[in-house]
Amino acid sequence: MNQINELFSNNQVDLTGLPDTEHLNMIPLEPVYKKVRYISASIFSLGMIVAAWAIALTQPELYPFGYIGAGFISIFAISLVLYNGHAYHFMGYAIREKDITYKSGWLWKSMVTVPFNRVQHCDLRQGLLDRRFGLSKLTIYTAGGQSTDLMIPGLLPDTAEKLKTFILASTEQSIENE
Amino acid sequence: MDAHTNFHQPQRQSPKAVVLILLKYFRIIIRQMWPILLVILINPTKGKGFIITAVAFGVIIISLIYSLIAYTKYYFFIQNNELCVRSGVFRKTVLNVPFDRIQSVDFKRNLVHQFLNVVSVQIDTAGSKGSELELDAIELDRAEELRNIVLAYKHSRRNIVTETTDNIPPIPEAKEVPELILSLSPRDLIKIGISENHIRTAAIIFAFFLGLADDLDQLLGWDVYGQLEDTTTAMSLFGLFATIIAIPVFIGVSFMITLIRTVLRYYGLKFWREGKSFKVVSGLFTRNEKSIQKSKIQVIRWVTSPLKKIFGIYQMNIYQATNVDQNQDKSLVIPGCYQEQVDHTLDTIVPQFRGAVFTSHSMHPSIVRLMVFLFGFIPAVLFGLMAWFNDGMMQWLLTLVFPLAIWMGKLYQQKRRLKIHPDFLVSEGGIFGSSSKLIEIYKVQSVHLESSPMQRRRGLTSLYVYTAGGDISFPYLQKEIAQQARDYILYRVELEQKSWM
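So the sequence lines, in the order shown, correspond to chains L and E.
Following the working numbering, the numbering of the first sequence begins with 48 at its first residue and continues without gaps.
Following the working numbering, the numbering of the second sequence begins with 203 at its first residue and continues without gaps.
Treat the hints with caution; some may be incorrect.
[Unchecked claim] Cross-link-like lysine to aspartate or glutamate pairs, in silico, DMTMM-like; alpha carbons within 25 Å at most: (1) L:145 - E:696; (2) E:393 - E:284; (3) L:150 - L:177; (4) L:145 - E:346; (5) L:156 - L:223; (6) L:145 - E:390; (7) E:621 - L:208.
[To be verified] Non-contacting residues of chain L with respect to chain E, defined by C-beta distances greater than 12 Å in every case (computed): (8) 94; (9) 105; (10) 147.
In short, the hints are calculated from the structure, not lab data.
Everything numeric in this text was worked out from a predicted model, so none of it was measured.
Built from N, CA and C at the ideal position, the CB exists for glycine as well.
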């Protein structure tokens, strides 16, 4: 098969006829994950706001710049929470026969695709908040290093487990074909 | 190799290893304690200095005994196609490295190794951190035997997957005659040394002196920074003269250091092709040997700078699949070679590449605006404010980064190209020089597309293509082209039957 492919097949590839990755039907993440995003962003932002106001209030010599600065930081922190929560609507994943795609980002959009025959291993993880809301994170590792790992948060544990089994089975199959 | 060593027997390293283990400990101790030693030398206070010296001697004697015991407790052997190492003075550790996981077996010899006629063997594995192995010193022929066993095993695994090789390692095959691709003459070396990046060396020296100043400040209370500040803020005639003299001296010193460093590192560099792998041997005092199997090569890069262009030389890097977390440089570096050697290497690794016809795509001009803003406008404003407040004439000159950024940004945009071929992907660039980076599409691991609101308004997208040995990133590409490239790369990778390494 391999040999024949290399020697004789040289069909022209119709670029417009290639499987389209851009307009896949994305499966959204669990709705409860939106809440998790709001909560985790709020915890972080709250810490930022408290620290900023603590400095502004305890250092009178900074007046009025301390208040202005703390005000700006508060606005930034609140918009961070809103951005993080709203970004939920732009997250999703799609599985095709031969690869998996994950899309995220509201203003700064990103889309990652990993072919199954390049997957090294997968793992499932649960953070503290995830456990509270019954969610799991699936990470798919390739040999391309950290920047190429594909991480899907906000999955139900058994969906995540099923996904993992499916990906590993597809990976094994594609490697056996080689 | 007349008498074959039986590697199934647990065996020690060469007795000469004791010397090297000891030196290793010394080096670690000295590296840790050099500021203290410096203080003892410069500032020998009565009594106190004696105690410190006694402690230092104690440490040295203990490490001597320790390294002797460590040597006698260190065994290595082969078992079930695994390389095993048993070691540990107080706590026994056993490390098993399956041959399958071994990526490369490299030899390294520094001056001491050369003197004692032994090599250190470095075994690199594809795995988690800390699983790589180093044998400090074994005799060259024993090391070569060991390497041949590992390579022969890997070779046989590749050909006969079904046949299980049990305990018996296959007999090493007759090696192909190695082909010498490049051998650097002293003249080449001088050319390379002259055309290296001197600004980088200057920065390193500068950083080193800053670090030294910091240490001296902490240990002896010499206020180096304060003194420096005094000389620089007082814009006296003397200060001006000092600066005018210091700059050429500084440049001269960094020039000499680069030259010496180049000679030390690349002296007698030889670039070989040995059957299915490439090998680079170089170094004056420390002979380094690095090799890469052809199938593991992921990225090839060749670069030239304006200075290098005058001599017609290129620097070539060959990157292999590596564990990125290890943060180790596992690439083959050929610091200087001519066009014909670049071509020859490319022809051996990727035979179809040089005849290939590419479609070429450039970066959208709006990237210049972003670059000028980030690297020109913002720094210029900051420098301007600094000059305004300090009232420093010289500091106003720094705002020249703004026009410089416009010029360099334009050059960058004009020279950046993404070239696509059914089998290859090439990224070209370089502001004053030129650089090319080549990957084979079937070796790609994953593809990312990213876009900012600004990019989307202009219908642009950034394309990132990752392999196991490096990536090609190309921002500000037309959206349709980026998407088509992504779809095509995925199609090729998913269709491909060949293993990526």
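Going through the hints against the structure:
1. L:145 - E:696: Holds - the C-alpha atoms of residue 696 of chain E and residue 145 of chain L are around 6 Å apart, at most 25 Å.
2. E:393 - E:284: 45 Å, violated
3. L:150 - L:177: At roughly 20 Å apart (the allowed maximum being 25 Å), residue 177 of chain L and residue 150 of chain L satisfy the hint.
4. L:145 - E:346: Between residue 145 of chain L and residue 346 of chain E the Cα gap is close to 43 Å, so the pair fails against 25 Å, i.e. violated.
5. L:156 - L:223: This hinted pair is violated, its Cα atoms lying about 35 Å apart.
6. L:145 - E:390: Violated, at roughly 50 Å.
7. E:621 - L:208: Status violated; Cα separation ~40 Å.
8. 94: 27 Å, holds
9. 105: Nearest chain E Cβ is 28 Å from residue 105 of chain L, so the label holds.
10. 147: At roughly 10 Å from the nearest Cβ of chain E, residue 147 of chain L sits no farther out than 12 Å, so the non-interface label is violated.
Hints 2, 4, 5, 6, 7, 10, counting from the list given before, are not met by this structure.
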